[in-house]
Amino acid sequence: MYDTIIIGAGMSGLAAGIRLAHFGQRVCILERHTTIGGLNSFYRLRGRNYDVGLHAVTNYTPRGTKHGPLARLLRQLRFRWDEFDLSQQLGSAIAFPNVRLKFNNDIELLASEVATAFPQQKDNFQRLLGRIADYDDIDQAMFEVSAREVVAGEIDDPLLVEMLFCPLMWYGNAREHDMDWGQFCIMFRSIYLEGFARPIKGVRLILKKLVRRFRELGGELKLRCGVKEIRIDGETTPGVVLDDGTQLAGRRVLSSAGWPETLKLCNQPTTQQQTGQMSFVEAVCTLDCLPAELDHKETIVFFNDSDEFHWQRCNDLCDTRTGVVCSPNNFDYPESEIGSSALPEGVIRLTAIADHEGWQKLNADTYATEKQDWYDRLTASAVRFVPDFRPRVIETDMFTPSTVRRFTWKENGAVYGAPQKRLAGTTHLKNLFICGTDQGYVGIVGAIISGITVANRHLLTDDL
Amino acid sequence: MAPNEIREEVLDILNDIAPDEDLSGLKDDVAFRDQLELDSMDFLDIVMELRKRHRVQIPEEDYTELASMASTVAYLTPLMKDI
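Chains as they are written, first to last, in the working numbering: chain A, 1 to 464; chain B, 1001 to 1083.
Please note that a few of the clues may not be correct.
Said to hold, decoys possible - Computed, partial: chain B to chain A, Cβ under 10 Å:
(1) D1020
(2) E1037
(3) E1049
(4) R1051
What the hints assert, rightly or not - Incomplete in silico selection of chain B near chain A, CB under 7 Å:
(5) M1041
(6) L1044
(7) M1048
(8) K1052
Hints are computed from structural coordinates only; laboratory data are not their basis. Heads up, the beta-carbon is just placed ideally off N, CA and C, and yes, glycines get one too.
Using the sequences plus the hints, can you model the full thing?
Structure representation (C-alpha cells):
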C-alpha cells in the first residue's frame, strides 16, 4: 500500500513526490512514457539533444532573494540556488509592426521603452505596476475578474494593451482572448518583474536533479507504466489500474495528467468547455552558426503582424499572424561554457498557434507535407521580425499538436491545459487530487510550485 | 530532551528549512517572522520536520505557539521531555 500514488513524472508530479518522500511517505510516481518530464521533457535525435517545451525558466530572481516562487520552491525542495544553474536572458522583445518594446529581467527597461513609445501612457503604466504589486495572492476574490477590463481601465492606448498581453498569453494562457486578473498578475510578475533564465544544459538538468532527489529520498519511479483507470469505491479511490492490468493500492492519488484527462481515468464524462483549445506547432532549427553571428541577439521575440493580437484557436492548421522566436544561445552563459557540448550549436525555436483537430485528421503522408509547408510559412512570417536565419538551418525537428497528444496524452494537445483551473486541487473524490497545469500554474516554475502546494495542502495531512 | 537541547534542535530545523538565513544572532523572545524571512510554507515545514524527526504532533490550532524561539521551546518542552 503506497501512501501516495502520483500519476505523471513531469515537473509537478516530481516536485510533489519530493515533498512527500522527504516527510517519510511511501510514494510511487507512475509515468506512461519512456522518460520523465511530460510537457517539459527532453530527447535525442540524430545525434542532437533537444528540449521539449522549454524556452526559458520564468520567475528568475538572483541568488539570495528570499521572496518569489523560485526562492520558495528551492527552499521547499531543499535545493541550493546554484543547483539549477540559471543564466539570465540577454534581453527579449515584443515586436508588433510599428512598435518594438524591449524588456529584460529589470522592469526599468520595459518601463522606459513604454515611456518612449507611448509617452501618454507613462504614468498609466506605473499605476498598472502598482495594481499588480497590490494584488494579493492569497485573497482569491479578485482572481476571476477580466484582466482585459482591468488593464484597459489603466492603459488607454489599445496597442499598448495588446503588446503587454502578447507574451503573457504566449507563456501561457489556456483561455482564448482574455485571462483572469489573478492569472495576469502572476504572469506579469513571472515574465516582466522577475524574468527569464535558462540552464545551459537545458531542462534535462532540472529534471535529472528532481528525479535524483526523489529517488534518494526513497521515492519509486516507474516508467512505461501508464495508468488506465483510477479505481472508485464510493467517495474514495483505493488506487489505480495500470495499462497492463496490474492494480496498485494507495491511500491517496495525485494526478498531474490534467483535469479532463483525470476525469477520463475515473470514467467520468467530460465536456468541451473543460478541455483546452490552445495548442501549438514548434520548429527547432539547428544553425551552422550562432544566432549572434546573424546579428540576432535577442533571447525571445514575441511577434504579431498587426496592431491586434489574436489569442484563439485557429481555423487553419496554423496561425502565422503571431509567434515566438526563441534562441537558447542568447542567455548570459559563463564564458567557459559557450560552444561546449552543453550547447554546441546555434538553435532557433519557432512556435505558432495550431489546431489540434486539423492535424489529427491528416494521414501519414499529408502530415509530413503539411509540416514542411507550414515550416516554410512560419519561418517566412518570423523573419519579418528577426534576421533571416533560414539559409543557415542545417537540421529541423518540428512538433505539432499531434506530437503533444502522443507523448503527453493531453486532450487536444492543450499545452496550457484547461481554461478553468481547479485552484484547490481537489476533485469529486476525497483522496484524489490534481496538480500541474490544470490546478493553476503553468511553466516550469509554475508546475513545480503547483506540485509543492497541493502536496503541502492536501497530502501531508493525516486526515485519511 | 531538555529545553536547551530542544532549542538546538529547532535551530537545526530552521537551518535545514532556510539555509540562507543567518541564525547566529537570533533573538529568542522576538517573533521568527520579524527576524527571518519565513513564510507560511516554511512554518508548515517546521511542524512537519518536528513530526518527521521526533513524532511530535502539533495540531493546527497550536501553530501560533511557534511564533518565537522562546514560545516554541516552552510549547515543546512537555511534549519532548521523554525523547
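Against chain A, is B/K1052 within 7 Å by beta-carbon distance? holds, 5 Å
For the hint on B/M1048, just tell me whether its beta-carbon gets within less than 7 Å of chain A. Because about 5 Å separates B/M1048 from the closest Cβ in chain A, which is inside the 7 Å limit, the hint holds.
Given a cut of 10 Å on the nearest C-beta pair, is the interface hint for B/D1020 held or broken against chain A? Since the shortest Cβ distance to chain A is 7 Å, the answer is holds.
For the hint on B/E1037, just tell me whether its beta-carbon gets within less than 10 Å of chain A. OK, holds: B/E1037 within 10 Å of chain A, min 4 Å.
At a threshold of 7 Å, is the proposed contact between B/L1044 and chain A supported by beta-carbon distances? Since the shortest Cβ distance to chain A is 6 Å, the answer is holds.
Regarding the hint that B/M1041 lies at the interface with chain A, is the smallest CB-CB distance below 7 Å? With Cβ-Cβ at 6 Å, under 7 Å, it holds.
Does the nearest C-beta of chain A fall within a distance shorter than 10 Å of the C-beta of B/E1049? Where the cut-off is 10 Å and the nearest Cβ of chain A is about 8 Å from B/E1049, the hint holds.
Against chain A, is B/R1051 within 10 Å by beta-carbon distance? holds, 8 Å
In summary, this structure violates none of the numbered hints.
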